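**Student:** Quick note on numbering: the sequence shown equals residues -16 to 138 in the numbering used here.
Check the hints yourself; a few may be wrong.
In the DSSO-like style, the derived pairs of lysine-lysine whose C-alpha atoms are separated by at most 30 Å in a straight line are [what the hints assert, rightly or not]:
#: 1; residue 1: LYS25; residue 2: LYS47
#: 2; residue 1: LYS48; residue 2: LYS(-15)
#: 3; residue 1: LYS103; residue 2: LYS43
#: 4; residue 1: LYS128; residue 2: LYS103
#: 5; residue 1: LYS128; residue 2: LYS25
#: 6; residue 1: LYS123; residue 2: LYS(-2)
#: 7; residue 1: LYS47; residue 2: LYS(-2)
#: 8; residue 1: LYS103; residue 2: LYS31
#: 9; residue 1: LYS47; residue 2: LYS128
#: 10; residue 1: LYS120; residue 2: LYS(-15)
#: 11; residue 1: LYS103; residue 2: LYS6
#: 12; residue 1: LYS120; residue 2: LYS6
#: 13; residue 1: LYS25; residue 2: LYS103
Here are the computed distance ranges between Cβ atoms for each label pair [what the hints assert, rightly or not]:
#: 14; residue 1: LEU10; residue 2: SER96; range: 32 to 38 Å
#: 15; residue 1: THR131; residue 2: LEU84; range: 32 to 38 Å
#: 16; residue 1: THR9; residue 2: GLN110; range: 44 to 50 Å
#: 17; residue 1: GLU119; residue 2: HIS52; range: 35 to 41 Å
#: 18; residue 1: HIS52; residue 2: ASP30; range: 40 to 46 Å
#: 19; residue 1: LEU36; residue 2: SER96; range: 43 to 49 Å
Worth flagging that the hints you see were computed from the coordinates, not collected in a lab.
Fair warning: this is a prediction, and the values are worked out from it, not measured in the lab.
In this text, a Cβ means the ideal position worked out from N, Cα and C, and glycines have one as well.
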Amino acid sequence: MKGILREMYDHDPEKIIHKAAGKERTLTFNEIAASNNLADLKIIMIDKIFRSLENERSTKKLVKKIINHTGITIDSTILTNGLMHLEMRHLFIHNDGIADLDFVNIYGNLLVSPISQGDKLPRNFSQTTRGLIAVEKLAKEIDSKLITAGHLQSR
């Protein structure tokens, strides 16, 4: 994520600067005085914006925020499948892999075997492989759309 912010800044600094809000949008006298050059200020600005994104605490909200702020459009199947697997990761870590009502309502019928609230999420090799593929596909789609929209330069 920090790398994408750096690339976006290098391509068009205004697009990054305008995404900052609140205290992330200002530099203190100490930060300016500690900077030896514009490159140092760039690092400070990107770090502040990155920290504000990290504070989101929800990968799903963060991905949607990136999509909305950049104006890109992601294929709904790729987005839903990728977000489902990111949400599964969250539930494995924070809810012992047990499906909550929100997950069931949004994604319950999308798994190979539909699940209900309170059911354990599937923990097998094929599901894990599908998850890795889905998240990678989502990341590549976002990257591709950011390049196409002119937010990033192609490599």
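**Student:** Indicate, hint by hint, whether the structure satisfies it.
**Tutor:** Now for the hints, and whether the structure bears them out:
no.: 1; hint: LYS25 to LYS47; in the structure: 25 Å, holds
no.: 2; hint: LYS48 to LYS(-15); in the structure: 15 Å, holds
no.: 3; hint: LYS103 to LYS43; in the structure: 21 Å, holds
no.: 4; hint: LYS128 to LYS103; in the structure: 35 Å, violated
no.: 5; hint: LYS128 to LYS25; in the structure: 24 Å, holds
no.: 6; hint: LYS123 to LYS(-2); in the structure: 21 Å, holds
no.: 7; hint: LYS47 to LYS(-2); in the structure: 17 Å, holds
no.: 8; hint: LYS103 to LYS31; in the structure: 38 Å, violated
no.: 9; hint: LYS47 to LYS128; in the structure: 14 Å, holds
no.: 10; hint: LYS120 to LYS(-15); in the structure: 19 Å, holds
no.: 11; hint: LYS103 to LYS6; in the structure: 41 Å, violated
no.: 12; hint: LYS120 to LYS6; in the structure: 34 Å, violated
no.: 13; hint: LYS25 to LYS103; in the structure: 45 Å, violated
no.: 14; hint: LEU10 to SER96: 32 to 38 Å; in the structure: 52 Å, violated
no.: 15; hint: THR131 to LEU84: 32 to 38 Å; in the structure: 37 Å, holds
no.: 16; hint: THR9 to GLN110: 44 to 50 Å; in the structure: 45 Å, holds
no.: 17; hint: GLU119 to HIS52: 35 to 41 Å; in the structure: 22 Å, violated
no.: 18; hint: HIS52 to ASP30: 40 to 46 Å; in the structure: 18 Å, violated
no.: 19; hint: LEU36 to SER96: 43 to 49 Å; in the structure: 35 Å, violated
Hint violations for this structure: numbers 4, 8, 11, 12, 13, 14, 17, 18, 19, all remaining hints satisfied.
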